[in-house]
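Asker: Line by line, the protein sequences give chains P and U. Here this note's numbering is used: the first residue of the first sequence is 1396, the next is one more, and so on. Here this note's numbering is used: the first residue of the second sequence is 4, the next is one more, and so on.
Because the hints were derived from the structure by calculation, they are not lab data. Computed from a prediction, not measured in an experiment: that's the story for all the values here. Don't take each hint at face value.
Examples of chain U residues toward chain P, derived with CB under 7 Å [to be verified]: (1) D64; (2) Y100; (3) M118; (4) Y124.
Below 27 Å or equal to it, Euclidean Cα-Cα: the simulated DSS-like pairs (lysine-lysine) are [said to hold, decoys possible]: (5) P:K1410 with U:K146; (6) P:K1410 with P:K1533; (7) P:K1703 with U:K126.
Glycine included, C-beta positions come from ideal geometry on N, C-alpha and C.
Chain residues, written in single-letter form:
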Amino acid sequence: MITTFQVAYKNLLRKKMRSFLTLVGIALSAWVLVSLLGFNNGYETALSKDIDNMGFQLMMMAKGCPYEAATMMLKGGTGLKYMKESIVNDVAKEPEVEKTTPILMAAVFDPNKGESGGVAAYFGIEPKSFSQMKTFLKFRQGGWFTNENAYEAVMGYEAAELEQREVGDKILIPEKNIEFKVVGILARTGTQDDGTIFVPLRTAQKVFNRPDEITTLGIKVKKGVDSTSLEDKLYKLPDVQIVSLAEVKQTIMKLISTAKVMVLSIAIIAILIAMVGVINTILMSVHERFQEIGILKTIGAMPWDIFKLIWIETLTLCAIGGVLGVGLALILSKVTGLLIRYVLPYAPIGGLVLIDLKLVVVTIAVILCIGLLSGLYPAWKAGRVRPLEAIRSDIG
Amino acid sequence: MSENVISIEAKNLTKVYLRGNEKIPAVNDISLRINKSDFISIIGPSGSGKTTLVNLLGCLDNPTSGELSLGGRSIFNEGKRLSERELTKIRREIFGYIFQSFYLIPTLTVMENVMLPLTFYRKPGTENEAAELLKLLGMDHRKDHLPGQISGGEMQRVAIARAMVNKPEILLADEPTGNLDTKRSAEIVQVLQELNRNVGLTIIMVTHNQDLARHADLMYEMRDGQIRQID
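Looking at chain U on its own, in the form it has when it is part of the complex (with noise of 0.2 Å):
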């Protein structure tokens, strides 16, 4: 789906984390390129740096060292930090996430959900957008229930909704089927397809289930805060 536009560009991203007097590179010194569209899946054993990848390449995190550039415009390089705040802005520019745990508000409707990153922040265009994406992900007819009165399959697709109404450019998705039986992963993974391959969404998928990663375009191994590209 690759159509050759770099969305992220990362250079010798490192973290490493500090544990009393011992450092732990969680991320050691990985560059990668993800282009516009792609849709990508990284695998690896717990503790592997996966999820730290995810969240560096997220801007959920600042890097020790390295540089990131997000379509172009550099983010992160040496020396430069972002505070929280910047950070947030970047984020609700260009991401969408999703999680393991869907965390809707219990209190609010499945429309009300989907609707909540609005109340935040808005991007022009957006205006029909929650009830568009809960139609497209199958969810319309539930529009007006409450969380507890769904499935998880369903609140993760609600929470995809959600990530997806400010018409993100990259959804990062860290486990998002762990709380899920393998029916209902491999819905939420077609879903996933979908939107890559029907709206061009960029996506990067963080999995233990190989078999869930396979629908990826690409797919990547992390290990010892090293990644490689896997057939």
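Chain P on its own, in the form it takes in the complex (with noise of 0.2 Å):
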């Protein structure tokens, strides 16, 4: 006995390079779907863990200053502005504070960076504080510095590939003409750290002429306290911002709200290409077997035995394609992320392209429904075909 889908499948062989080229069509609109759907649900994932691990909810700095190293960077290290480190103690008299971290950021432009030099980012830090926030920091090599003094690095992972450095090795930081000694590198953490280089808080301010100042503060807030009444507080102080980190997800997210769109454009015409493709490919196939299809009606098909095999053989393409399609998408997502990121202005780190088992569930159903609608139309027309008029074109 054979079947309808043994017939189907077999039908499909016929014309190898046209199943083939049709099998690409909608295995590349499979993938691009899952891909961009893929971007939707990463860039989120990777957003949010990148602010989780700035390892504090709130932070405050002088009004109109950079808050994070990548802005600083984009700005070239201009723009950063102080405030004095006594503001410390005010905050963290507010009941709703867990812990406090200061921060000094510091932007140097090294000649010797890169070929046309680029800007390295220093952040004066206290390593107690610091390391309590940032609970994932673990060291690679060495440790914190010996003490709040001394003229010595803690390197992040990238910083110290691209610098070349090893614990015991100085670095020079060129306008200031001042070495540090390479105490400690950090393990790759997926974050900004990972290009950051780290120096005693105390030494920082020497070293930029910033007595008793700071750029930033990190706050976290207690477990379970609203930060949004903190919130309020604190903006009653004189000359400071306070940002919120979700808030600064959400801004982030409204921007990127934008590409989605435009995305999930490009991916609905990535479908209706391939549907249209489909059609194409099956009404040719149904026009060629028209004499076939009235036959297969003489020897016993209904109307229904013939819409089905017809179905089933834009139901195999569009399956066929679909799990290709989802497969080229799990193995090229990394390079699909980096095509990402280069059109990105803003991309947080680690995978940009997330595809879950639900992804590939949906992203199948999806191309199963485009086969399911674009084997209506030819699946009706060849079921319609009267054998007479097959056997009639026959006669001639």
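Given two chains presented individually in distinct reference frames, assemble the corresponding complex, making use of the accompanying hints.
Answerer: In structure tokens, the structure reads:
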């Protein structure tokens, strides 16, 4: 006994190149769809991870100061604003605050960095409070500074790779002509800390001529406390701004939502093109088999049998194409992530394209629905072929 | 071979085609009785209406007027038209068809092509029919070949096996040798004769070829929509 599925499958093998090309079209659209949906998924996850890894929920800084290293780097290290370190005590008094950590950000132009020089980010920190907030920081080599006035540096993983430094080596701050001894190198974190060079806060204040000043105060709010009331209170302090990282995330997500709409439009267009391709292929094949379909009807096939046969052919194409496309997307998700990173103005660290099981199932279901829809018209047309017309066209 | 059990009975069967305002009676008031296990042939020039008649007898088309009954069961009578679905139901119960072109599915093997009708409809007792038919038609050694690997004569044998797999009562053969040379044509007609004699199959064969037509028990000629028996 030969089943309708076998007949449909073997029909697709008749014009191998045509079936293959249609398959490629479907696979590509499935790839685009799953990758772009994966991007929607991955970007938000990566951004959340990025922000959670800051270790604090609120940042306080002088009005107009860029609040994270990436922005500072984008501005070429300019535009930093400073506030008095004494503000730390004012903030710590608030009952909602669990911990604080002061940071003095500095950007130094290094003519030897890259081809035409680059900006290196220095963070003056207090290792005790800083590491309590960023519990995920681990050392690959060495450890924190020996004392708060030492000329010692801890390098982020990428910074150390870039500068080719090991523990015990020296690094020079070009503009200041001051040498630091590398005492620790951090393990890779997948965050901005990887590209940063950490020095003791007191030393940084001295080196960069900012005594008793800081750029940023990281604030960790006690668990279960609503941070908005704290924000309101802190806003009353003069000349400071409060950045809630939840808000930062929302702002970035809003900015990216335009990109998301574009991305989804592209996915929809890709699917529509694939759909038209499928309809065309199946219609052509129905047209070519006009007489044969008529003969199938003389040998007992009901209109529904023919409809089913053609529909299964369409679905088979879509199912195979969908699975191939999703497979391709899974294999190439890193490459897709890199491509997207290349075109986006801001991209968080980590995998940008996150394809999970749910997404795979959704994509294959969408492609199958496309198959069901695309197959409707050709299958209906084939089901309506009258055997007599088919035979007449044979007699001529 | 006639057992005098009526297989097909047509009364005043007429089929008129409209070409613009002109009415063309392709089949004009034909009354015909075909008994079970008859092997009849219909000859006639192109446009004489022989294919139209066979299409009406084979329930591939509704007549304009007249009556048709199969095995005593009324199929068409005045004013009654059947839907494509109803026609299909009758066709798959009663008829097997072969045509000038074989229309085997090129990606299915000989055996799979023969079994294809069973995918859509299966009469009881047809489990081993495909294998037995291929044996009977001398094609069992080719059962795993694809249609592209066998000759035209062999392809028509496969088409005959496919038409026979659901044990039809009547086989309609419209120019079954039209695509074959003289030798293969004679072989195919011989196959039909054997099926008629051994299985008791009723066969209606339309052909251009008078020599082949003579192999039938009864020979009819069609001309201008009319039919007459010839000796």
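Asker: All hints, please: hold or fail.
Answerer: Do the hints match the structure? See the list:
1. The beta carbon of D64 of chain U comes within 5 Å of a beta carbon in chain P, closer than 7 Å, and the hint placing it at the interface holds.
2. The restraint placing Y100 of chain U at the interface with chain P holds, with a minimum CB-CB distance near 5 Å, inside the 7 Å limit.
3. The interface hint given for M118 of chain U is met, as the beta carbon of that residue sits about 5 Å from the closest beta carbon of chain P, less than 7 Å.
4. With a cut of 7 Å, the hint placing Y124 of chain U at the interface with chain P holds, because the nearest CB-to-CB distance is about 4 Å.
5. For the given pair, K1410 of chain P sits about 23 Å from K146 of chain U by alpha-carbon distance, which is consistent with the 27 Å threshold.
6. Proximity of K1410 of chain P to K1533 of chain P is assessed by CA-CA distance (about 59 Å); at most 27 Å being required, the pair is judged violated.
7. With a CA separation close to 21 Å, the supplied pair K1703 of chain P and K126 of chain U stays within the 27 Å bound.
Taken one by one, the earlier hints fail for this structure only at number 6.
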